[in-house]
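Chains as they are written, first to last, in this note's numbering: chain A, 1 to 148; chain B, 1 to 141.
I should point out that these hints are in silico values taken from the structure, not numbers from a laboratory.
Please note that the accuracy of each hint is not assured.
Example chain B residues on the side facing chain A (calculated, C-beta under 8 angstroms, incomplete) [stated by the list, open to error]:
(1) 11
(2) 15
(3) 19
(4) 21
(5) 35
(6) 64
(7) 67
(8) 69
(9) 71
(10) 74
(11) 76
(12) 86
(13) 131
(14) 135
(15) 140
In the DMTMM-like style, the derived pairs of lysine to aspartate or glutamate whose C-alpha atoms are separated by at most 20 angstroms in a straight line are [claimed, not checked]:
(16) B:16 x B:54
(17) A:97 x B:11
(18) A:97 x B:122
(19) B:113 x B:68
(20) A:52 x B:122
(21) A:93 x B:11
(22) A:116 x A:91
(23) B:91 x A:144
(24) B:39 x B:68
(25) A:97 x A:77
(26) A:93 x B:134
(27) A:146 x B:98
(28) A:116 x B:68
(29) A:93 x B:17
(30) A:75 x B:54
(31) B:16 x A:144
(32) B:91 x A:77
(33) A:135 x B:17
(34) A:85 x B:11
(35) A:85 x B:122
(36) A:124 x B:134
(37) B:63 x B:22
(38) A:135 x B:78
(39) B:107 x B:87
(40) B:52 x B:24
Nothing here was measured: the structure is a model prediction, and the numbers come from that model.
Think of the CB as a built atom: it goes at the ideal place given N, C-alpha and C, for glycine as much as any other residue.
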Amino acid sequence: MITKIPFDPNPLPKSFWGLLGTTVISASGAHCGRVLSLSVEGTTLKGVLVLKGSHLVFYSDELISPDGKARILLKADPYTNLIRKRVYDSDGKYIGKVVKAIPSRQPQDFSKLTVKKRIWSKGKDVFPSQISTVKRNILLNVEDEKLS
Amino acid sequence: MKNFPEQITSDDILGKEAIDPDGEILGVVTRIHIDRLQKLILGITVDQGFMKPEIFIGMDYIKTFGIDAILISVVPLEKYIGLEVLDAQGKKIGTVAEVEGTNHRIKKIRIQKRKGVSYSQEWISENQIQEIADRVILKKS
């Protein structure tokens, strides 16, 4: 005998084990990692701890969109996604990859990026005013010689 | 031969990466197209990689012949083909099969949905799209 389960438009919230390993996606659809742990205060979810590659990133509940069900959706693109992005100057010259992002006082914004071409090379600082595009990679509006 | 500072050769173009305004690396430049009669460069061909079609980019859409990369001034609509499409809740509903647009602006996209062994198609207009970058995210319906 087959029992038909009626569709429930308000499914029960997921358990910890249901959220564990869930993919986290930013506002632009970029993959931000998988949920490793939850941060809970009393009965309130304060945020999620996400593992991306070998990095652990914490996203607070303010950044998490309430619409996400199959995946955890973020309301914005976290600045931590900029790490390992390639940087090109206005002449199309390859500057290096982002190795460090210094956060600013604004949430999910950065004040400075450190770019290196090789592990042993001296890092160059890139400020938000010098950036023309930040999407798949980073395009600058200045030439390499003007970077500090 | 005397070298002029603004002069480049085919070695400076072929094998370089082509980057669109989003910063995405479209592929590698493999060919330069030249008008045999007028002796003008018409454009370049970019190889997007294994099992992906080549893209021809006209000279009008090339912003800079850079030192390490060729910067393109427009985003080719073909690059969105194959992207995952997610609904507002983050659930995958299909992949982009076709993109229609004018002046390099998306008007509508065709989504290919898989149902078991069969496929279905659906057209989505641009006002239903919330974000299109690494994936296509649709607005709440």
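Hints the structure fails to honour: 1, 2, 5, 10, 11, 17, 18, 19, 20, 23, 24, 26, 27, 30, 34, 35, 36
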